[in-house]
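Chains A and B, in that order, are what the protein sequence lines are.
Anchor point for the first sequence: position 388 equals 388 in UniProt numbering, and the numbering is continuous, going up by one each time.
Anchor point for the second sequence: position 269 equals 269 in UniProt numbering, and the numbering is continuous, going up by one each time.
Keep in mind that the hints were calculated from the coordinates and are not lab data.
Fair warning: there could be bad hints in the mix.
Because identical chains share one entry, a pair is satisfied inside a single copy or across any pair of copies.
Capping the alpha-carbon separation at 30 Å, the derived lysine-lysine pairs in DSSO-like fashion look like this [to be verified]:
#, residue 1, residue 2
1, Lys200, Lys83
2, Lys257, Lys131
3, Lys200, Lys154
4, Lys83, Lys277
5, Lys113, Lys123
6, Lys113, Lys345
7, Lys89, Lys129
8, Lys257, Lys277
9, Lys345, Lys313
10, Lys223, Lys313
11, Lys277, Lys131
12, Lys113, Lys89
For clarity, every value in this text was computed on a predicted model and none was experimentally measured.
Protein chains: 2
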Amino acid sequence: MEVKGIDGKLEKSDSTSADEISHLSIDIGGSLIKIVYFSTNSKCSTNDEAPTLSKERQEVPNGDLNHHILSGRLYFVKFETSKIEDCIKFLSSKKLQKCGAQCHHSHAVDKIKIKATGGGAFKFADLFKEKLGLTLDKVEEMESLVTGANFLLKAANHEVYTYIGGQKEYVQIDQNDLYPYLLVNIGSGVSMIKVDGDGKFQRVSGTSVGGGTFLGLGKLLTKCQSFDELLELSHQGNNRVIDMLVGDIYGGLDYSKIGLASTAIASSFGKAISENKELEDYKPEDIARSLLRMISNNIGQIAYLNALRFGLKRIFLGGFFIRDHAYTMDTISVAVDFWSKGEAKAMFLRHEGFLGALGAFMNYKDGSTDPMPPQLVEQQPAKRSSSCIVDRIHNSTRVQENENGATDCRLRVSSSFKIYDEVKRC
Amino acid sequence: MEVKGIDGKLEKSDSTSADEISHLSIDIGGSLIKIVYFSTNSKCSTNDEAPTLSKERQEVPNGDLNHHILSGRLYFVKFETSKIEDCIKFLSSKKLQKCGAQCHHSHAVDKIKIKATGGGAFKFADLFKEKLGLTLDKVEEMESLVTGANFLLKAANHEVYTYIGGQKEYVQIDQNDLYPYLLVNIGSGVSMIKVDGDGKFQRVSGTSVGGGTFLGLGKLLTKCQSFDELLELSHQGNNRVIDMLVGDIYGGLDYSKIGLASTAIASSFGKAISENKELEDYKPEDIARSLLRMISNNIGQIAYLNALRFGLKRIFLGGFFIRDHAYTMDTISVAVDFWSKGEAKAMFLRHEGFLGALGAFMNYKDGSTDPMPPQLVEQQPAKRSSSCIVDRIHNSTRVQENENGATDCRLRVSSSFKIYDEVKRC
């Protein structure tokens with residue numbers, strides 16, 4: 001099997017085999033490694049869950065004859081950065097396209113470049129070279145986040161939602177009224193980026209109090225071992241046991257003069273001051289809840305202040321801190337609503353943790369003078385079951401845990417660019 | 001001995017005795033009780049440390065014959081709110097003026113009102129009534145903070161300083177160019193107030209991540225028993241052991257594209273994620289340091305964002321979180337400088353923790369049509385040693401721990417108002 005770029009279009013041989021990866025990008029953060037890869041091994045079916053693999057050039061739905069469609073699946077996988085060996089093992093088990101089946105052996109792929117972003121693209125470059133023979137072709141971290149977010153905001157339906165009063169409500173994005181917006185990516189730390197268009201952005205703020213703080217402090221305080229375990233704990237907890245509320249100070253009263261209800265948190269973890277208790281006397285559930293609320297609220301507040309600073313009404317949130325977790329989203333939403341007096345809205349991206357990896361993925365350029373990054377092709381209902389040129393993100397394809405503890409997601413893209421640019425045949 | 005208001009001026013009898021308190025105000029916060037009281041028991045000397053007690057009307061230095069000077073000392077004492085019984089004991093041991101010596105017995109002072117602020121003025125009103133017979137005359141919390149801050153900013157020399165590169169530098173405040181400014185009061189929680197003039201202000205923001213969070217989380221994580229112990233621990237610690245730095249993610253490199261040095265904190269407590277360590281494996285010193293830096297930096301950032309929002313160049317910081325602690329001030333200063341790109345300055349108030357209590361103290365009004373709150377009288381160098389009509393806050397008078405663990409400070413005021421308004425003779 002081989003893949004080569006011809007006039008900036010993708011040409012794919014007929015010989016495909018299981019688990020072949022045609023495009024792969026990686027985002028190596030402080031805590032998590034996120035991988036996005038496009039695989040053409042899927043068998044066609046007439047439903048969205050198992051789309052037909054297009055093995056030949058297809059006309060794109062809008063009639064643009066210059067571009068062709070490669071259907072398949074885009075997978076989303078993550079690993080803990082501290083367990084990078086698992087990631088290496090995973091990649092070495094995959095057959096990296098262009099080289100054929102034998103190329104999943106490390107000695108055979110040493111000419112392959114893959115798009116990589118995040119600080120770990122620098123830190124682990126030698127490791128990937130040594131273990132997999134892969135060269136990490138670095139894409140700037142903020143640029144990747146923005147490209148990934150724009151990609152999702154423009155191309156995917158049911159990608160964006162608000163979370164208010166315990167209810168998710170999907171938001172239809174008007175592409176003509178998308179910019180400017182504030183992108184808040186909550187990884188180990190938090191980046192806040194003002195986005196004005198494709199490739200037009202500025203990192204305007206951030207905070208070190210992010211997902212790494214939640215898990216770091218959470219592990220120290222509760223002895224839990226994973227982020228999801230800590231979230232589960234928080235779900236069962238009551239933050240009022242440890243947080244000092246306005247009512248605790250005001251004798252049960254509101255501080256109505258400044259609009260603070262008696263139940264508002266005056267001081268996170270403030271009750272742990274005056275009581276004669278030690279760590280062991282508190283329930284891990286309550287600690288996890290206070291911690292989650294402290295961090296979520298803080299992020300919501302700083303995000304709002306930055307949105308206000310630039311007059312941005314839309315705040316899109318990504319990053320693996322959120323994890324579709326009700327209380328996290330609720331706290332961030334309430335914080336933004338409270339501080340903005342209802343003027344600004346927190347909106348969540350379903351593919352929250354993969355913005356950077358997706359953005360790096362989009363960075364594959366074809367060789368033509370008119371670079372054409374991967375594009376989602378809008379779903380054409382009439383053709384849906386026959387052509388498999390579908391493309392929207394399916395509700396049902398998200399959050400599937402595989403044996404690596406990875407979240408496995410998928411979508412389909414049209415492709416019209418060279419894969420592994422500058423690679424040579426092996 | 002008696003005190004009465006005559007035409008809005010203070011008339012004081014000749015009979016004074018030790019430990020008599022002529023004015024007292026109290027600020028009862030979530031963690032700390034702060035008391036400011038004016039005592040006329042001091043003996044005169046020719047140096048600033050032990051000023052002459054003026055026992056008769058004196059002409060104020062500016063020649064305003066309508067006002068008179070009562071010299072004495074203004075004391076600043078604090079207690080932990082959880083040990084309010086110590087505070088009650090302290091107050092019951094004092095002789096509350098107007099009633100004479102016998103009035104320090106609780107049964108004799110039940111007609112006395114004292115100015116009180118903070119949420120505890122509501123919560124503990126009944127306790128003060130029951131135990132001391134004192135009625136707490138409530139002054140709104142934000143109003144008290146602003147009045148206290150304005151009082152210090154206008155009247156006191158050597159009150160305000162910056163902390164840059166390990167150096168304190170006192171700032172001379174131009175009273176004609178004081179407003180607007182941002183007041184950041186860091187108690188258990190944090191209030192941020194835009195101040196536009198005397199009595200003209202708006203609480204524009206705040207955060208629940210404050211001094212209560214530092215001590216609360218600090219106690220849980222290090223088992224230390226007091227705020228000062230935790231600060232002392234932090235002084236010896238190294239936050240890089242637990243915080244995830246930019247260099248930890250980027251393989252030792254800076255993330256120069258967005259101006260983050262390799263030593264910048266990417267994720268507070270982020271290293272505690274990936275390492276196979278438990279709480280016991282970390283030094284309490286390092287934990288305390290990370291915690292202090294996380295909270296100080298966060299406050300500095302939110303303060304800056306609010307200053308920016310309203311175009312405020314001056315940020316004054318008060319509250320008992322600071323405690324003249326080098327690393328705290330350094331972190332806040334660096335945060336404000338970093339985020340504002342040098343445009344805004346963090347300035348610290350030496351009487352940091354007593355803004356609210358001082359403001360409540362200023363709330364004593366005389367009965368005239370032209371209310372005259374207590375005023376500091378500017379120091380007159382020529383008269384300094386002879387008249388004792390001095391007034392500035394002395395460097396040497398701060399941070400004297402008494403047996404209650406209280407910070408004991410003093411300054412002298414001119415007084416021209418009724419004390420304990422609406423009190424009756426006993």
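Checklist entry - Should Lys257 paired with Lys131 be assigned to within, between, both, or neither, using CA atoms and 30 Å as the limit? => result For Lys257 and Lys131, the Cα distance is within 30 Å only across copies (29 Å; inside one copy 63 Å).
Checklist entry - How do Lys113 and Lys123 come out at 30 Å by Cα distance, when the copy is not named: within, between, both, or neither? => result Answer is within; shortest intra-copy Cα gap is 16 Å, inter-copy 66 Å.
Checklist entry - What label fits Lys200 with Lys154 when the C-alpha limit is 30 Å: within, between, both, or neither? => result within (15 Å within a copy, 47 Å between copies)
Checklist entry - Between copies, within a copy, both or neither: which fits Lys113 and Lys345 at Cα up to 30 Å? => result neither (40 Å within a copy, 47 Å between copies)
Item to check | Homomeric proximity label, Lys223 with Lys313: Cα distance no greater than 30 Å | outcome: neither (39 Å within a copy, 44 Å between copies)
Next on the checklist: At most 30 Å between alpha carbons: which applies to Lys113 and Lys89, within, between, both or neither?
Outcome noted: Classified as within: same-chain Cα gap 18 Å, cross-chain 75 Å, threshold 30 Å.
Item to check | Same-copy or cross-copy closeness of Lys277 to Lys131 [CA-CA at most 30 Å] | outcome: Answer is between: at 27 Å across copies they meet the 30 Å cutoff, but 50 Å inside does not.
Item to check | Up to 30 Å CA-CA - Lys277 versus Lys83, copy category | outcome: between (36 Å within a copy, 15 Å between copies)
Checklist entry - Is it within, between, both, or neither for Lys345 and Lys313, if the alpha carbons may be no more than 30 Å apart? => result Classified as both: same-chain Cα gap 7 Å, cross-chain 29 Å, threshold 30 Å.
Checklist entry - Between the shortest in-copy and the shortest cross-copy C-alpha distance, which are at most 30 Å for Lys89 and Lys129: within, between, both, or neither? => result Result: close within a single copy only, 14 Å intra versus 72 Å inter.
Next on the checklist: Checking an output row: Lys257 and Lys277, CA cutoff 30 Å. Within, between, both or neither?
Outcome noted: neither (33 Å within a copy, 46 Å between copies)
Next on the checklist: Reference check for the pair Lys200 and Lys83, CA-CA at most 30 Å: within, between, both, or neither?
Outcome noted: Neither. Shortest intra-copy (34 Å) and inter-copy (56 Å) distances fail the 30 Å Cα cut-off.
Hints 1, 6, 8 and 10 from the list above are not met by this structure, while the remaining hints are.
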